[in-house]
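*Asks:* Those protein sequence lines, which keep their order, are chains L and W.
Its first residue numbered 1, the first sequence is counted upward by one per residue in the UniProt record's numbering.
Its first residue numbered 1, the second sequence is counted upward by one per residue in the UniProt record's numbering.
Among the clues, some could well be false.
[As the list claims (entries may be wrong)] Between beta-carbon pairs, the in silico distance windows are:
(1) W:Asp101 with L:Glu43: 44 to 50 Å
(2) L:Ala19 with W:Arg81: 36 to 42 Å
(3) L:Thr17 with W:Trp78: 36 to 42 Å
These aren't lab readings, by the way, just hints derived from the structure by calculation.
In this text, a Cβ means the ideal position worked out from N, Cα and C, and glycines have one as well.
2 protein chains.
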Amino acid sequence: MDRLDKKILRLLQADSTLAVADVAKRVGLSTTPCWRRIQKLEEEGVIKRRVAILDPDKVNTRVTVFVSIRTNSHSTEWLKRFSEVVITFPEVIEFYRMSGDVDYLLRVVVPDIAAYDAFYKRLIEKIEIRDVSSAFAMERIKSTTELPLDYMVFDKETRDA
Amino acid sequence: MDRLDKKILRLLQADSTLAVADVAKRVGLSTTPCWRRIQKLEEEGVIKRRVAILDPDKVNTRVTVFVSIRTNSHSTEWLKRFSEVVITFPEVIEFYRMSGDVDYLLRVVVPDIAAYDAFYKRLIEKIEIRDVSSAFAMERIKSTTELPLDYMVFDKETRDA
DNA sequence: GGTGAAATTAGGCTAAC
DNA sequence: GTTAGCCTAATTTCACC
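Go ahead and model the full structure; you've got the sequences and the hints to work with.
*Replies:* Okay, here's the thing in structure tokens:
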């Protein structure tokens, strides 16, 4: 990977509908090598997928809730089942195991607070959870799928190929 | 919007490289009306964009940090500048104004803890921030761009067209 | 609303240099 | 890396249900 790949990724992260010829032009390459580079980036898994991004308002998922969960005194068994159950909820957009105070953090999207309550009830119906705290987002100031490319490593081989 | 639109959105949220003819087949439609529906969904802004999703590992942004910020005693002036500054950092992937205990929540991606420290220094160089607390993700259990479509409202008009 | 056919054009992909 | 061309598939338009 080099600077041209980086430029290509920057463009496709912002808009994957760009034609190869357009990408090539903006990157300062002709279409064939640009096409080959994109193919390679896909083969290597640098580009994982291309997806459509929907407007949360338009599909009635205006409200984002961050759910913090503490699980100190649970069994390994429980932890396994916990993850499995949580993953199945489509409202759970992100789910991390954390260090520090909170053990797990969820980002959940729902239409409104009532729907969150319903989601929450469905969740604790499936697994007992001891310590949960929910924080509601009032305003989405920034939300992007574009990763920063400033940390990319340029080498013969991809960092962990 | 109806059930067919929902099916189309479900497919394109997962993979936007699908040919219109493929989408049509899976949805049980012929290509022309399927194509028209997709066009309409784009015009209406239900589909906001199509983007390439990169592998965080491959672009060296393995580490996710959630940054909680409390700003109780700051001026309106400061709040405005705060938002403007934070947005400019490409490491900040998500940025919400919250209700409750924490005032702002950031999701930041960086290569490692050292890079987070550097990011943090660059941030507080640009704006003074009083109460910051950082929580590191140990494991990404789920992370998706697919919004749940179960809450979609089917009407003559889009809910808030 | 829907189907199916056909024409046009854009763009992915290949080949040859 | 380039230029040129093939050829699939997207995008229209059509007639019709």
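*Asks:* Decide, hint by hint, whether the structure agrees.
*Replies:* Against the structure, the hints come out as follows:
Hint check: Asp101 of chain W to Glu43 of chain L, Cβ distance near 46 Å, so the stated range 44 to 50 Å holds. Separation of Ala19 of chain L from Arg81 of chain W is about 40 Å and conforms to the stated range, judged on CB atoms against 36 to 42 Å. Our hint of 36 to 42 Å for Thr17 of chain L and Trp78 of chain W holds, since their Cβ atoms are close to 39 Å apart.
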